[in-house]
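Undergrad: Build the full structure now, drawing on both the sequences and the hints.
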Amino acid sequence: MRLGLNVDIHKLEAEKLRKGKNKAKEDLGSLKTDYKKLHLSIRTAGL
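Position in the sequence shown counted from 1, then plus 1078, gives you our numbering.
Among the hints, a few may not be true.
[Unchecked claim] Below, a list of computed lysine-lysine pairs in the BS3-like style, where the Cα atoms sit at most 25 Å apart:
id: 1; residue 1: Lys1089; residue 2: Lys1101
id: 2; residue 1: Lys1115; residue 2: Lys1103
id: 3; residue 1: Lys1099; residue 2: Lys1110
id: 4; residue 1: Lys1099; residue 2: Lys1089
id: 5; residue 1: Lys1110; residue 2: Lys1097
id: 6; residue 1: Lys1099; residue 2: Lys1114
id: 7; residue 1: Lys1089; residue 2: Lys1103
id: 8; residue 1: Lys1103; residue 2: Lys1114
id: 9; residue 1: Lys1114; residue 2: Lys1101
id: 10; residue 1: Lys1115; residue 2: Lys1101
For the record, the hints were derived by calculation from the structure and aren't laboratory data.
TA: Below, the structure is given as structure tokens:
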């Protein structure tokens, strides 16, 4: 019984890490997009 609980806990922790990793990738993608837009705006404005 106790071993089964440990396995469940490890599965939940692994799933939580995967979700966190996916969220980090999404955030990075969003930052890259925002940077590209900002860079283009600066170039367009001639600054």
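Undergrad: Next, verify each hint and record whether it holds.
TA: Hint by hint, here is what the structure shows:
1. The straight-line distance between the Cα atoms of Lys1089 and Lys1101 is roughly 18 Å, inside the 25 Å bound, and the hint therefore holds.
2. A distance of roughly 19 Å separates the Cα atoms of Lys1115 and Lys1103; the hinted pair therefore holds under the 25 Å criterion.
3. For the hint linking Lys1099 to Lys1110, the alpha-carbon distance of about 17 Å falls within 25 Å, and the restraint holds.
4. Between Lys1099 and Lys1089 the CA atoms are separated by roughly 15 Å; this keeps the pair inside 25 Å, and the hint holds.
5. At roughly 20 Å between alpha-carbon atoms, Lys1110 and Lys1097 fall within 25 Å of each other, so this suggested pair holds.
6. Restraint check for Lys1099 and Lys1114: satisfied, since their Cα atoms lie roughly 23 Å apart, inside the 25 Å limit.
7. Taken as a hint, the Lys1089 and Lys1103 pair is honoured in the structure, with Cα atoms around 21 Å apart against an allowance of 25 Å.
8. Between Lys1103 and Lys1114 the CA atoms are separated by roughly 17 Å; this keeps the pair inside 25 Å, and the hint holds.
9. Proposed proximity of Lys1114 and Lys1101 is supported: the alpha carbons are some 20 Å apart, at most 25 Å.
10. Distance check on the hinted pair: Lys1115 and Lys1101 sit about 21 Å apart at the alpha-carbon level, within 25 Å; holds.
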